[in-house]
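Model the full assembly from the supplied sequences, consistent with the hints where possible.
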Amino acid sequence: DAGITQSPRYKITETGRQVTLMCHQTWSHSYMFWYRQDLGHGLRLIYYSAAADITDKGEVPDGYVVSRSKTENFPLTLESATRSQTSVYFCASSESGGKMNTEAFFGQGTRLTVV
Amino acid sequence: KQEVTQIPAALSVPEGENLVLNCSFTDSAIYNLQWFRQDPGKGLTSLLLIQSSQREQTSGRLNASLDKSSGRSTLYIAASQPGDSATYLCAVVSGSARQLTFGSGTQLTVLP
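Just so you know, the protein sequences line up as chains A and B, in that order.
Just so we're aligned, residue -4 is where the first sequence starts under the numbering used here, counting upward by one.
Just so we're aligned, residue 49 is where the second sequence starts under the numbering used here, counting upward by one.
There may be inaccurate statements among the hints.
[Claimed, not checked] Each pair of labels, with its calculated beta carbon distance range:
no., chain 1, residue 1, chain 2, residue 2, range
1, A, T81, B, T53, 23 to 31 angstroms
2, B, A77, A, T77, 30 to 38 angstroms
3, B, K49, A, T0, 28 to 36 angstroms
4, A, K65, B, E65, 44 to 52 angstroms
[What the hints assert, rightly or not] Some chain B residues well away from chain A (every beta-carbon gap over 10 angstroms; in silico):
no., residue
5, A58
6, E63
7, E65
8, N66
9, N70
10, E104
11, N111
12, D115
13, D132
14, F150
15, L159
[Stated by the list, open to error] Partial pick of chain A residues on the chain B-facing surface, computed with a CB cut under 10 angstroms:
no., residue
16, Q1
17, G35
18, G53
19, A87
If you are wondering where the hints come from, they were derived from the structure by calculation, not from laboratory data.
Just so you know, these numbers come straight off a predicted model, no measurement behind them.
Note that the Cβ used here is the ideal one computed from N, Cα and C, for glycine as well.
This is the structure in structure tokens:
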């Protein structure tokens, strides 16, 4: 199916475990983003990627790692999960290049609970 | 640092009313502005994209305006319906990362 998909949709993990959230888009968009959404903080950027093999930190990158070996995939890894990382995580993508004014599309989110 | 503010935080109106949601941003150097809708427990659905060179954009009963110089955008919803009940988020794209910076949203309830 065309679009942007995240997996899993729901995840419960224990403190200290490593967990990876997956994001896949079918449009070959250059830009991909990871956001977390928390009550009282809204949506905050964790990491972004401008192209394959190019990633950079956003507003709240501590405790997270990303990679982008293929244009269509942008996994987010919590190296050692903490309770403060309990959140809803959203992946997004948008076009780039000469098309500066392009729409961003979001996945359905992953609800992560760290116990 | 770009900051986005949405007013009001919550709004409750009877069905059929026309309403306006407000969004303001601190840095006028934006590429575009996007309005989203989010239903409880769901993802973000893009409603309208206004490019930095545009003044407004329309889709059905929705009309969004942009005044980049004053750092303001409004989302106008005509003839509101109970199905319009959701949280509406405003986001601006700016900076070398072309990231979206979000407001905290307006929670809209349309009463039948």
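message = Is the interface hint satisfied for A87 (chain A)? The criterion is a beta-carbon contact with chain B at less than 10 angstroms.
response = holds (7 angstroms)
Problem - No chain A beta carbon within 10 angstroms of E65 (chain B)'s - result: holds (26 angstroms)
Compute the least Cβ-Cβ separation between F150 (chain B) and chain A, then decide whether it is above 10 angstroms.
With a cut-off of 10 angstroms, F150 (chain B) comes too close to chain A, as the shortest Cβ separation is near 4 angstroms.
Is 28 to 36 angstroms a correct range for the gap between the Cβ atoms of K49 (chain B) and T0 (chain A)? Because 31 angstroms falls inside the window, the suggested range holds.
Closest C-beta approach of G35 (chain A) to chain B relative to 10 angstroms, hint status
Where the cut-off is 10 angstroms and the nearest Cβ of chain B is about 9 angstroms from G35 (chain A), the hint holds.
| message | For N111 (chain B), is the shortest CB-to-CB distance to chain A above 10 angstroms, so the non-interface label stands? | response | At roughly 17 angstroms from the nearest Cβ of chain A, N111 (chain B) sits farther out than 10 angstroms, so the non-interface label holds.
Query raised in the report: Is the Cβ of D115 (chain B) more than 10 angstroms away from each Cβ in chain A?
Result: holds (17 angstroms)
Given a hint of 44 to 52 angstroms, does the C-beta separation of K65 (chain A) and E65 (chain B) actually sit inside it? For E65 (chain B) against K65 (chain A), whose Cβ atoms are near 48 angstroms apart, the range 44 to 52 angstroms holds.
Note to self: According to the definition I'm using, a residue is off the interface if its beta carbon is farther than 10 angstroms from all beta carbons of the partner; does N70 (chain B) meet that for chain A?
What the structure shows: holds (16 angstroms)
Satisfaction of the G53 (chain A) interface hint, Cβ to chain B closer than 10 angstroms:
holds (7 angstroms)
State, for the Cβ atoms of T81 (chain A) and T53 (chain B), whether the hinted interval 23 to 31 angstroms holds or is violated. Check passed, 26 angstroms falls within 23 to 31 angstroms.
Against chain A, does E104 (chain B) hold up as non-interface, every C-beta pair farther apart than 10 angstroms?
holds (14 angstroms)
Taken one by one, the earlier hints fail for this structure only at number 14.
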